[in-house]
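Build the full structure now, drawing on both the sequences and the hints.
Note that the protein sequences, when read in sequence, are chains W and G.
Once you know that position 85 of the first sequence is 85 in my numbering, the rest is easy, because the numbers rise by one and skip nothing.
Once you know that position 423 of the second sequence is 423 in my numbering, the rest is easy, because the numbers rise by one and skip nothing.
Hint data in this document are derived by calculation from the structure and do not stem from the laboratory.
Hints may be right or wrong, so weigh each one.
[Unchecked claim] Using 27 Å as the maximum straight-line C-alpha spacing, the simulated DSS-like pairs for lysine-lysine come out as follows:
1) G/Lys389 - W/Lys4
2) G/Lys265 - G/Lys219
3) W/Lys79 - W/Lys151
4) W/Lys4 - W/Lys153
5) W/Lys153 - W/Lys79
6) W/Lys153 - G/Lys389
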Amino acid sequence: MLQKTIRAFALFSGFVLFGLMLITVYSVVMRYAFNAPPLFTLDLSRMMLIPVAVTGLAYCGWTSGHIAVDLIGTFGRPKLVRMSDIVVRCLCAWMVGLWTYKLIDLAIDSQEVGNATNMVQIPHYPFVWIMVASCGLFAIVFIGLMIRSIKGKEDPRTS
Amino acid sequence: MSATLAGLIGLGALFFLLAFRTPVAIAMMVVGVVGIWVLNGWQASMSTLVDESFVIASTYELIVIPLFVLMGNFATISGMSADLYRAAYAWVGHWRGGLASATIASCAGFAALSGSSVASAVTMGRVSLPEMRRYNYDNRLATGCIAAGGTLGILIPPSTGFVIYAILTEESIGRLFLAGVLPGILLTILFMISIYIQTRINPTLGPAGPRTDLPGRVKALVDAGAMIGIVVIVIGGIYGGIFTPTEAAGVGAFLAFLLALIRQKVNYDSMSTVLLQTIRTSALAFLILIGAHIFNPFLALTQIPSDLAELLAGLELPRYVIMLILMAAYIVLGTFLEGFAMLVLTLPIVHPLILALGYDPIWFGVVMVIVLEMGLISPPVGVNVFVVKGVAEDVPLKQIFSGIVPFWIAMAVCLIILLIFPQIALFLPNTMISG
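Following this line, the structure appears as structure tokens:
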């Protein structure tokens, strides 16, 4: 279930990116072929980047994509490595959980205040809620990885 | 607690977290959040956390990262890598060590479509290694040239390394991309010279392949024309001021997608693989940037970067001596720190120093990326070496590392040339039409 959700989030992000590519090309074509640069593309592109940037975080974490320096893995004993992995993943879950919690505040504020883009007034809050969902899933991934470490299982690598 | 002491404790905590396999981005977030909390209070810390993450995730210029990664992944599935290798092989395959030179040339070509060294090494390794084995190339030369050639991915534009450098230092992405072109060509030539010297000393390392006649060469070049066309449109468009880097990335990705579509390489499986790989790489880059933008305000509050810059500037050492010390430090760091990690962790401290010494930050970006490349093939971390090991499973790591040594020396020579002649990096950005 968790794995399917993570993949679904990442694929959603991928399709948004594909749309972002088409919008960029559309903007260039309109500017050069029709001398009519569309105003909405800059704002829409900025907002579409949000799901592209954050919706894949959980997938990246679940597939061990994040960069880490493996000093303890090289020099430490397996038991120490496992213990440190549990603590580190707990810390990561706390950090991302805190980030998610504060993003909820931002989403509520954005909705109440009516924050929007400059040119075509695209509201920020739906995209902040996407950030909330993505970061929440990312925190769950760290909890899942921590439980795996406690159980002594290998990291999942689903590419 | 004084700001400087808080900064030193923060840096210590950062390296402690990194040593225990904390993802680099999360380690920077933790230290940044706690550090700002200590120095400026909880409210300031939380504002930095959410505001910076929203700003980074919605910065228009950063669209360039996922779009160029997408372009590279579409180029991979479209089979352009094989076309490139065949073209390079047709022209230089009959030289002594010619297949290795063809590998380097095709890596350079693929680098112009992909901003990733790992992608370049994997893609070209799969295409070129079987050929080099067919002609009894020595394993050291065959694997060494793939690992080294792959590193051209982050020097020749588009390059994710340059984008991250540009965002962290507020330099122009377009100027940095153009600054990488001539040093990229220079390094490609130096790699080829290295192969020539190696095979001159020991001809059994890389025997010559069969000569291709002129019509065959021209045909191979025409077959690679689509790829060359995309590169010319993307890089030429940025240079000529026709596109912004973001637009160039979008157009390049679209053209690579069209080519894959025409070649009937697009189906559900390939498309989902391309999208998932692109999103994985992009998410990694964005999280690192978010982490860096939370860590950097903390570092700025401590005033450590400006104090260090003042201290070093006050030593009254010749500026090139400081530069050599910096490069040596980076080369040592590169042996155990991953390239992006090195970039985001050190730039906030080093960039003010570079400016204080009067060096051009665009030129320094190129130098830094070459040093990152050296790290990519240096033991024990050497990411590209492990990538090549994945393609050539039967070759011991020791052999791959020994095959890399001549290419590593070529990179050092390239650095020295750039130190003496910075104009090589600065010529194109200084003559671009808008930037």
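Has the given pair, G/Lys389 with W/Lys4, been kept, meaning a C-alpha gap of at most 27 Å? violated, 31 Å
Satisfaction of hint between G/Lys219 and G/Lys265, Cα-Cα up to 27 Å: Satisfied, since the Cα-Cα distance of roughly 22 Å is no more than 27 Å.
Taken at face value, is the distance from the CA of W/Lys79 to the CA of W/Lys153 at most 27 Å? It holds: about 13 Å lies between the C-alpha atoms, which stays within 27 Å.
Between W/Lys4 and W/Lys153, is the straight-line Cα distance small enough, at 27 Å or below? holds, 19 Å
Could you grab the alpha-carbon distance between W/Lys153 and G/Lys389 and see if it respects the 27 Å cut-off? holds, 25 Å
Need the status of pair W/Lys79, W/Lys151: alpha-carbon distance at most 27 Å? Judged against 27 Å, a Cα distance of about 12 Å means the pair holds.
Checked against the numbered hints above, the structure violates only hint 1.
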